[in-house]
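A.B. asks: So you can see what is in the structure, the chains are spelled out below.
Protein chains: 2
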Amino acid sequence: MLMVTPQLRINSQRLRIDFDQLSNIGATRQGGVSRVALSNEDMQARSWFADRIEESQLSLRDDEVGNLSGMLFSRNLNAKTLLIGSHLDTSPNAGKYDGSVGVLAGLECLRTLRDAGVPLPFHLEVINFTDEEGWWQSLFGSMGVTGMLAPHHTNDSKQDNGPFRAALFRAGITHQDYYKAKRDVNSLVGYLELHVEQSDRLERHRHQIGAVTRIVGRTSYRVTFYGEAVHAATNYNKKRDALQGAACFITDFHSLPQNFEGGMVNCGNLEVQPTGVTIVPSRADVTLELRHADPQTLLQMQARTVEMAMHCGSCYNLRVEVEELLHRDVAYMADAIIETIETVCEEQGFTHMRLPSFAGHDAQILAPFTPSGMIFIPCKDGISMNPKEYTDWQNIENGANVLLATILKLAERA
Amino acid sequence: MLMVTPQLRINSQRLRIDFDQLSNIGATRQGGVSRVALSNEDMQARSWFADRIEESQLSLRDDEVGNLSGMLFSRNLNAKTLLIGSHLDTSPNAGKYDGSVGVLAGLECLRTLRDAGVPLPFHLEVINFTDEEGWWQSLFGSMGVTGMLAPHHTNDSKQDNGPFRAALFRAGITHQDYYKAKRDVNSLVGYLELHVEQSDRLERHRHQIGAVTRIVGRTSYRVTFYGEAVHAATNYNKKRDALQGAACFITDFHSLPQNFEGGMVNCGNLEVQPTGVTIVPSRADVTLELRHADPQTLLQMQARTVEMAMHCGSCYNLRVEVEELLHRDVAYMADAIIETIETVCEEQGFTHMRLPSFAGHDAQILAPFTPSGMIFIPCKDGISMNPKEYTDWQNIENGANVLLATILKLAERA
Chain B
6 MLMVTPQLRI NSQRLRIDFD QLSNIGATRQ GGVSRVALSN EDMQARSWFA DRIEESQLSL
66 RDDEVGNLSG MLFSRNLNAK TLLIGSHLDT SPNAGKYDGS VGVLAGLECL RTLRDAGVPL
126 PFHLEVINFT DEEGWWQSLF GSMGVTGMLA PHHTNDSKQD NGPFRAALFR AGITHQDYYK
186 AKRDVNSLVG YLELHVEQSD RLERHRHQIG AVTRIVGRTS YRVTFYGEAV HAATNYNKKR
246 DALQGAACFI TDFHSLPQNF EGGMVNCGNL EVQPTGVTIV PSRADVTLEL RHADPQTLLQ
306 MQARTVEMAM HCGSCYNLRV EVEELLHRDV AYMADAIIET IETVCEEQGF THMRLPSFAG
366 HDAQILAPFT PSGMIFIPCK DGISMNPKEY TDWQNIENGA NVLLATILKL AERA
Chain H
6 MLMVTPQLRI NSQRLRIDFD QLSNIGATRQ GGVSRVALSN EDMQARSWFA DRIEESQLSL
66 RDDEVGNLSG MLFSRNLNAK TLLIGSHLDT SPNAGKYDGS VGVLAGLECL RTLRDAGVPL
126 PFHLEVINFT DEEGWWQSLF GSMGVTGMLA PHHTNDSKQD NGPFRAALFR AGITHQDYYK
186 AKRDVNSLVG YLELHVEQSD RLERHRHQIG AVTRIVGRTS YRVTFYGEAV HAATNYNKKR
246 DALQGAACFI TDFHSLPQNF EGGMVNCGNL EVQPTGVTIV PSRADVTLEL RHADPQTLLQ
306 MQARTVEMAM HCGSCYNLRV EVEELLHRDV AYMADAIIET IETVCEEQGF THMRLPSFAG
366 HDAQILAPFT PSGMIFIPCK DGISMNPKEY TDWQNIENGA NVLLATILKL AERA
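Quick mapping for you: the protein sequence lines, in order, are chains B and H.
Just so you know, we're using this note's numbering here: the first sequence kicks off at 6 and counts up by one.
Just so you know, we're using this note's numbering here: the second sequence kicks off at 6 and counts up by one.
The set of hints was computed from the structure by calculation and includes no laboratory data.
Only a predicted model underlies this, so the values are computations on that prediction, with no experimental measurement involved.
Please note that a few of the clues may not be correct.
When chains are identical, the list treats them as one kind, so a pair holds in a single copy or across two.
Stated by the list, open to error - Subject to a maximum C-alpha distance of 25 Å in a straight line, what follows is the list of computed SDA-like cross-link-like pairs (lysine to any residue): (1) Lys185 <-> Asp25; (2) Lys243 <-> Met358; (3) Lys385 <-> Asn240; (4) Lys393 <-> Arg34; (5) Lys163 <-> Thr283; (6) Lys243 <-> Asp257; (7) Lys163 <-> Gly122.
Please build the complete structure, drawing on both the sequences and the hints.
C.D. replies: Take a look at the structure:
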C-alpha cells in the first residue's frame, strides 16, 4: 500500500515551457501546427521529446512501430507497466492541443513523481504513439502495441503503400518487424490518456473535467456513383449524372442524425470524373464516416446510409458501389478508471461529467486490450483539427493534476 | 451565273475510307478516340489530313494559330473564300464523329467539285480549326480567324498557360503571332459546318437533316463555398460544411430548366478541401455552365444561379464567391443559309427541321463575323463526347450531300 501525497501537484510552469517549445515545431502561419506522422516536423518533435525524456533522467524506450516512450521504473523490476500518453503527430494545419497535451502532461507526471520520490508499484511509461491521426494508417502505433497490425497495413495488397514504407524506413522503422511491438497483455496495468474534448459539451455544461465512458464506434465508406460521360447538351432524360446522385446523397446523408440521436456523420471528400465543365460527370466518389456510441445504432445508421446511396443512385439511373474503408468498434473505458477519475475530481474540487468521446483516440485501441481511461478538458467552441483549437492553460493544468492524482489512486490500489 | 449539276453527289466510299483511317488515330479501347488539341494524336491527325489534302491535289494552307486547310481555288484569283470545316481535335475518350465528320465531308466536297470540274465563283477552303474542344482554349482556331484572341489567352495573367504555350511551340505555332491569323472580313463569303447533333431531337422527330437557326449562349462559373475545417465530431451547430452547401446548390441548380424552358445546365466538377474523411470540408469549388438560345433568358438563369448559390451558402453559414469563367453570346446563323439548306433538303427529298444547337461550335465564333450556317445530322440517343457516340453512315452521306448542294446553291447566287 502506497502512502499518497494528496497535495502533490504537477509543475505548471515546467509543463508550459514544454508546450510552447513543442508548439513551435511545425508551426503554421495561421497559428496551428503541421506535424503529419513521419514528416520532418514529426521527426523533429520526436527528437525534441527524446531530449526532454533524457534531460529528465527518465529512460528512453522505443519499439518496432516507432512509438517513443519515457520510463519511470518501479523499484520492483518485475512490476507491470502503466501506460500514459497520446500522440505528437497532427493533421495538416491542425491545432496545438490535440495529442500534445496528453504526451506532455504524461511526461510532467513522471517528472513530478520522480522529483517527489514517490515509490511506485508499477513502471510508469509516457508514450508517444505513431500516426494516431492516420496520415498513413490511423492509430498505427497503438495497433502495433496491441497486436492489431497485419501485413496488409503496410504492403500493397489493398493500396499502394510504397510512400508509407519509405516514410517508415526514413524514420528507422523496419515495417516487417511490426509484430515485435506487441506487448504482453500481462505486462500492463492499464492506459490513461488526457485530451482536449474536440466537442463543446464540457464548455456548455461549464464542467472542468470529463470522464470518458466510451469512444464511439466509427465506420467509413467510399460510396461511388457511376453514370455516363456525355455532352452537357444531351437531352435531360438521357443524362446519368453521377454528381447529381452524389449531391442528393450528401444532403440526405447529413439528415441521418435527425433519426439517430447521438449519431455524427461527415462527408470529407468528393471526387468527380471527368471534370470538364461541358461534360456530364460519369463518376463521383464520396468518402464519409458515421459515428455512434451504441454499436447497434451504428449498425442501423450504416444500413440506412447504404439504402440512401442506393435510393439516390436509382433516382438518377446510376450504378452505386459502397466500399467499407474502416470500421472501429465502440470502445469501453474501464469502470474502475472512470470512477477513479470522478473521485479525484471530487477530492480536488473540479466540476465534472461523464461523456462519450465522439473522436477516435489511441485509447480506443488500448481499451479492449488493457483497462483504459480518458480524461477530457474543455475545448473552446468545440473546435479542433483547426488552428483555432484552444483551451485555457488552467484547463491543461487541471487535467494534468487529475491525471497525476489518478495515477496515484491506481498506485494505491495496485 | 454557275451552271448547276443537280445530280452531283459526293463519293461516299472515298469519304468512308477517310473516316475509318482517321478514327484509328487516337483510338481508345472503349471504341472512342482521344485526340486532345496539340497532343501527339492531334498532330498525327493533322499530318494525316495534310497528306489527304496534298494527295487530292488541293493546296495546303495553314495560319498562325495552327488552323490547317485545303484550298480549291476559283479561276478568279480575286474571289472571296467560302470556309467549310470543323475540327479534328476531340475531348479525352470522346466519339469518332464530333468534328471529324465536318472536316472530312468538307474535304470530300472539295474533291467532288474538283473531279466534276465545276467552276466556282469563290475559293473553297476546308478548314480544321485548332482546339475547338477547349483542352487549352476553347474555339482557339476560330477565335484566331475572327480576331477574337487576345494576349491573355496565352499569357499567364489569368492562369498559368505555360503548358499551353509549350504545346503550341511543339506544334510550330508562335503564340505571339496569333493576331496575324485574323482574316479580312471582306475576303470571306461565309462559313458552313456539318456536325452530328449531340442531342436527340432529329432522332425523336425522325428527321434526316437539321438546319441550325442559332447556337445557344453559354456562361460558365466557378462557385466557391468557404466554410471551416473542423473535426468531424464537432457539434453540429458549429459546423460550417462547404460540401453540404455545394451539394444543396448542385441539387437546386439542376432544377433551373424547370423554370426556364429550353435552358440546359451542367455541373462538370466539384473539388473539396482538405479531403480527409474525419475533417469537415472548408472549401468546395463547383464548376458549372448554363445554356439558352435566348440571351435575355440566359441572363435571368445566370441571376437565378447566383441567388441559389448565395441561398445555399447562407443555409450552412458559408461565404460564397462566384467567378465567371467564360461567356459566349447566342450566335445567329444567317437566314439565307438556313433557307438554302431547307431548299436543298426539299430538292433532295430529305426530311428536315430547324433547330438551335445546344452545343458550342466554331460556327458560333464565325457567325458574327461572316454569314454562317450549320447542317446537323442525327446522333444516336443524343449521346456524344462518349465512345458510344454514333450516327448511321447513311446520315453522314446525306449530310455531306446537303453540304455539297448548299455550296453549289451559294455558288449559283454569288
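A.B. asks: Would you mind marking each hint as holding or not holding in the structure?
C.D. replies: Each hint, compared with the structure:
With identical chains, the CA atoms of lysine 185 and aspartate 25 are never at most 25 Å apart, being 34 Å at best within one copy and 63 Å at best between copies. Taking the shortest alpha-carbon separations for lysine 243 and methionine 358, only the inter-copy value of 21 Å comes in at or below 25 Å, while the best intra-copy value is 57 Å. Within a single copy, lysine 385 and asparagine 240 get their C-alpha atoms only as close as 51 Å, which misses the 25 Å cut-off; across copies the closest is 12 Å, which meets it. Taking the shortest Cα distances, lysine 393 and arginine 34 sit within 25 Å of each other inside one copy (12 Å), while across copies they are farther apart (50 Å).
Taking identical chains as interchangeable, the C-alpha atoms of lysine 163 and threonine 283 lie at most 25 Å apart only when they sit on different chains, with a minimum of 20 Å there against 34 Å within one chain. In the homo-oligomer, the alpha carbons of lysine 243 and aspartate 257 lie at most 25 Å apart both inside one protomer (24 Å) and across protomers (19 Å), since each shortest distance falls under that limit. Taking identical chains as interchangeable, the C-alpha atoms of lysine 163 and glycine 122 are never at most 25 Å apart, the minima being 50 Å within one chain and 67 Å between chains.
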